[in-house]
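8 protein chains.
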Amino acid sequence: MGKPYVRLDRNQAAMLLVDHQTGLLSLVRDIDPDRFKNNVLATADVARYFGLPTVLTTSFEDGPNGPLVPELREMFPDAPFIPRPGQINAWDNEDFVRAVKATGRRQLIIAGVVTEVCVAFPALSAIEEGFEVFVVTDASGTFNELTRHSAWNRMSQAGVQLMTWFGLAAELHRDWRNDVEGLGTLFSNHIPDYRNLITAYTTLTKGR
Amino acid sequence: MGKPYVRLDRNQAAMLLVDHQTGLLSLVRDIDPDRFKNNVLATADVARYFGLPTVLTTSFEDGPNGPLVPELREMFPDAPFIPRPGQINAWDNEDFVRAVKATGRRQLIIAGVVTEVCVAFPALSAIEEGFEVFVVTDASGTFNELTRHSAWNRMSQAGVQLMTWFGLAAELHRDWRNDVEGLGTLFSNHIPDYRNLITAYTTLTKGR
Amino acid sequence: MGKPYVRLDRNQAAMLLVDHQTGLLSLVRDIDPDRFKNNVLATADVARYFGLPTVLTTSFEDGPNGPLVPELREMFPDAPFIPRPGQINAWDNEDFVRAVKATGRRQLIIAGVVTEVCVAFPALSAIEEGFEVFVVTDASGTFNELTRHSAWNRMSQAGVQLMTWFGLAAELHRDWRNDVEGLGTLFSNHIPDYRNLITAYTTLTKGR
Amino acid sequence: MGKPYVRLDRNQAAMLLVDHQTGLLSLVRDIDPDRFKNNVLATADVARYFGLPTVLTTSFEDGPNGPLVPELREMFPDAPFIPRPGQINAWDNEDFVRAVKATGRRQLIIAGVVTEVCVAFPALSAIEEGFEVFVVTDASGTFNELTRHSAWNRMSQAGVQLMTWFGLAAELHRDWRNDVEGLGTLFSNHIPDYRNLITAYTTLTKGR
Amino acid sequence: MGKPYVRLDRNQAAMLLVDHQTGLLSLVRDIDPDRFKNNVLATADVARYFGLPTVLTTSFEDGPNGPLVPELREMFPDAPFIPRPGQINAWDNEDFVRAVKATGRRQLIIAGVVTEVCVAFPALSAIEEGFEVFVVTDASGTFNELTRHSAWNRMSQAGVQLMTWFGLAAELHRDWRNDVEGLGTLFSNHIPDYRNLITAYTTLTKGR
Amino acid sequence: MGKPYVRLDRNQAAMLLVDHQTGLLSLVRDIDPDRFKNNVLATADVARYFGLPTVLTTSFEDGPNGPLVPELREMFPDAPFIPRPGQINAWDNEDFVRAVKATGRRQLIIAGVVTEVCVAFPALSAIEEGFEVFVVTDASGTFNELTRHSAWNRMSQAGVQLMTWFGLAAELHRDWRNDVEGLGTLFSNHIPDYRNLITAYTTLTKGR
Amino acid sequence: MGKPYVRLDRNQAAMLLVDHQTGLLSLVRDIDPDRFKNNVLATADVARYFGLPTVLTTSFEDGPNGPLVPELREMFPDAPFIPRPGQINAWDNEDFVRAVKATGRRQLIIAGVVTEVCVAFPALSAIEEGFEVFVVTDASGTFNELTRHSAWNRMSQAGVQLMTWFGLAAELHRDWRNDVEGLGTLFSNHIPDYRNLITAYTTLTKGR
Amino acid sequence: MGKPYVRLDRNQAAMLLVDHQTGLLSLVRDIDPDRFKNNVLATADVARYFGLPTVLTTSFEDGPNGPLVPELREMFPDAPFIPRPGQINAWDNEDFVRAVKATGRRQLIIAGVVTEVCVAFPALSAIEEGFEVFVVTDASGTFNELTRHSAWNRMSQAGVQLMTWFGLAAELHRDWRNDVEGLGTLFSNHIPDYRNLITAYTTLTKGR
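Residue numbers (my numbering), protein chains in the order written: chain A, 1 to 208; chain B, 1 to 208; chain C, 1 to 208; chain D, 1 to 208; chain E, 1 to 208; chain F, 1 to 208; chain G, 1 to 208; chain H, 1 to 208.
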């Protein structure tokens, strides 16, 4: 009757991390660098924690755009990694699309730099091919708030769902009882306020 | 001819207050704490003033998330209160859904913490089941403006109507003449500027 | 083929000014008072300049909400003025709806205080009855940006077109040659930068 | 299956630069002048670099609105330039529409001042006639953020796609290998951070 | 050797609350109303909790400035209350100065509306007479941040110490052990985050 | 004992309005144009209301800087008006200094455009000559907040007192009883919130 | 002749970390939590890297204020740690002052929560006793910008020097050649942009 | 009698440009990159236009900090350029101090990256040696507003005068008549609004 809830499912979702390269990151100014670094690593931790098939790609990494940040390579040593020789839209690269399709997943979670290009272009292409697309807004960066909101608007009008890494984790996990410690650790590592809650709680209860 | 106005009706609406817990509230940083506390209590006052069936729920309240703020428990001593043992989406908890459906209402007003999870998830689930869903944006808090606007976008695209507690009260009340003093008191208690207007007015007219 | 451009037409449009009352104006904090006063008076000037049928209304003006600001009464001495005895949604007042319909116009331009109530409610009602509705966003005020954007979202999803007073004037005027001096004066009176352009231009060219 | 990706194509797109006049530019206050000047010149450079047919127009340039900024005239010496004698909506000017249609393009990229008038009006008219319309949000300026977001909302609801100059360039170029130096120079000239990346890269590698 | 620490002493300090009147409060726009109301009441609670001699005064309260907010009158039923018949600087009113001097205190804590007038003027006068003056910046409001910082600059250059209500309470209390519950209650009533900390702490420890 | 309160005295003060010219005003972007226009006119009204000797000056007004805004010329038809042929610091112009000294006043109130040049330079020069200098911060405009605060810092360190037009009026007036209606009118004309207070007050009391 | 440069010296400086406790941290809202956590840990890393004698203290840590964040305890296992039983100003605690004086240092670097109390109070006390005091502004947090700037003003007027952790490190290190890798690692761990610079540099040069 | 006006004199001033290197510039986030690039180049243009002796220096430019931006090298081909091998405070480098002293100037204008280190350190050192120091605040960048204001405070308390490039130019030039075209061109090249004023003025007057 109502509109269906297109809900993330850990068995249906794949993670695409696009162009988090050292040079391109210096262009990101709509999110504070400390927060942005944390958001990107948290998103990667979510992918790893839920065992999502993950695809890494870079744009022209031998030039000024620079290499992928080493943390991401280290976190996904076995993931397909597609350094694109020139295609700006990752979806224009056949290896990338092949890697995405090889995951067998229909829900694509995308994060990248910069939002209106490296994220929006493959998102729109994937929508066109019938995928359900979720963009991690806080792990995707761009020049300023004006460019961010232009990109969000275009993607949203096309059917992309805007998520954040925390919402992602929560929607994939479904129930705390699936693993209290695992999710708690994830939150503790990436949300200082949550870490403080856990420290205070543990301190007060450990002696009981 | 035009688009129907899906209007709140005090005889059709129920209030769902989701996860206003002491620990989770420390995560809310998109609204100033003084204002947010006021908005949440005002929303609760609206529910009570209009006699809306109200359902309270919490997420994992024995852990770091902490207990429901005591004011809400005290304001709704007879309301169903469903402490969820683990389900992140309240709609995944059968007791909660049963309590909601037991109200017999088709208009669900939802406020909670944090917006993109504890509010958005049940809102999307309820839409799917054909409910009319209204989210109280100023009584729902989250990490920052970026996460707020991501959550608003996702909910709005799914058909949720974004309201504020003041709009809620006004749409439910319909006509000042239904109870001038009651609504005036509600506004005076939660809007300092309105309280000042009433004080000035009363001072100037009481002697006449 | 494409989507029709629902364009303001000076022969089809009416102006509805809702609840710009002294008390309610103290609630407006999403727009600076100097700017807001200017925007409201500019919107009224637009209505007068284009000869739009105009309807004034107030909510409960004998109480703390206070009287309509005198400037508006003075600018529209012959306009229907409907002080509502209690209805919060002006459209719930039969006199108001009768006055609106008596204008014979199908395009309704609405400005008022506060946006999510006094503007949004009649806007949604008018949409339902098949009117084309345009809200003057910068002549409509509310508590803060959060309440503003909630209101905009609800109205926009229902089909309301969001305009500003300057866009209004430009869309109604169509062509500068219809009256250069008239429109120029309107802009000069309400846009300091435009006044400066005209002063500089006149100073440099008057001697030629 | 999914929604088609309406993608800019250098062989299908034309650029319309509307009313970047010295006087009107003093009205632009939603974007810092240094950034705005850069965005407008970057947008023009994009048009020139990709050889897009370009149409220039001005509103009433003999009056206070002032002349087109000289840089744009100089960059497009052979482009049709239509100084409108009075029409506020450029699409109401037959010469302008004729010039647009003479390009033979179905994708119109529009930038101008001010957003809610000089950009939105022709955008809505072009949509109505079945064109695909892309607005360059960061090369279009207006009074403040409130007027900007009103304009964006109206255009977006009508089907306009919101782009920025950087996204424009990237979507038109498709592949770095089409011309690394050309695109790199474009970015270097208009993105200080990108220029620094190139300088550092070149310094470190030139000796190798 | 170093600069002496001019430290608040509960036996040396008096509280002066200047012109927190219903009308003047509508002028305050540099602090959100919910927060400002809380700050003013917190400051009054501090005065009462530490038993500071308190003087209340108003400016022209029979006119548009309106009456003192009732809460302050009720909190200090026995405090000298000097409605000034016309003097804008409270220090120009002999009754006020007499009441201040009757407290026998040399440290004056001042809060009021608006900062650059009702607070700054008596602060500068009191400095001239050799008092140590502390202004409660967050319980003093004005038109906007520009006027606030002008006022702060003028007062600070004259030797006023800028404090906040929380710093005030902490400096007057000196040691939690003087009264844990009293200070805790004060903080719980006026700092939502602190209230949550106490609720969480109490919930976890009460059963032990 | 304490630091003397250097207080404005209507018999000791003169007003210097420096370079409020049409062209230079387009450079002002640290204060919204509607507010800034109001602040400048309010400052001028204060000078006129208190009968302060006033000196007007402009910088190179035959060039792009443009003419003085006409309102100021009209408000002070008999004031010395010194169009400077080239000196950037008005104090470098002998006619200006002569006009200032001819007022016989030792307290100089300065407002102008842009703050760090047209205001700061004569302020520093006047300080050096032993004048007491007060700058009207909200009637002085500049490029952005960074330039504003640099200018304030330099002036404040040199001994300039930072005031706003409202503080100015209040310090000069001293006592409402000197002229209730006059000051009330001044405030009503330049502070929308104050106008509303007066309208509401008058409406409620006029019938008594 | 000029004013002496009071410069940090690694052989003269000690670090005082005051009240970075889990509960108090939830009060900090003037700095984003991700950034603040990073700043505090960076400040601690600076102390450790330069071998500064460090003193840790907490306020009432058995109550709602909560324990010191574990990272700080772990980083300074041998540092004096003074849990204050009640004194709000750490300088009122004899053990704390004794520990500070035992360092034999005359330059005290202070960071803590909240700025206007836990930092400002001991800073003012230490100044009074003739210490040179440096406050790490970005590792000290408080409720909002208003409270921050009040605290800064009070401290600065008393002679405190406001520093940031980066300035601290740079002033203590003096010369990169003292240890390029050590300082580089410190910066890489706490400044994402700097880490990217190093990664890009290393990638480009490692093969040479 | 009053405080002397320490005024920039083109015959007494030298310009020191410190560490505007490609890598360090990616750390600057308190000023938008387009504006910052413009401010730095404008400052350099000022130095060149007034023929100020200029000294360039860099910090560790063979490492990640990167080379000086090429524009500055090209603008001052004959200026002393001191690449510091390690000293963080340029004043610790004997060659740099020697170059500064060789200019024979007593007024030092400093701009650099980052403000609290590369600017503040040599500024404080130069003050100590009796130089008059002026910092160009808008051509000096740092991490964020908090670090900027900490740096400003420290420098200002030590006697540094905070200037902007526009104030610099105006104070050095003294009188437009010294060279109208030269200063006009400088402003036209770096202030878009000023360029527009000149274009409009020239267009209107050239035909006369």
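Incorrect hints may appear among the rest.
[What the hints assert, rightly or not] DSS-like, lysine-lysine: derived pairs with alpha carbons at most 25 angstroms apart:
(1) 3(F) x 101(E)
(2) 3(F) x 3(H)
(3) 3(H) x 3(G)
[Stated by the list, open to error] Facing chain C, from chain D, some residues (calculated, C-beta under 8 angstroms):
(4) 80
(5) 203
(6) 204
[Stated by the list, open to error] Examples of chain C residues toward chain B, derived with CB under 10 angstroms:
(7) 3
(8) 23
(9) 71
(10) 104
(11) 131
(12) 143
(13) 153
Honestly, the hints are just simulated from the structure, not real lab data. Where is the CB? At the ideal position from N, CA and C, for every residue including glycine.
### Query
Of the numbered hints stated previously, which ones are contradicted by the structure, given in increasing order?
The structure conflicts with hints 4, 5, 6, 7, 9, 10, although it agrees with all the remaining ones.
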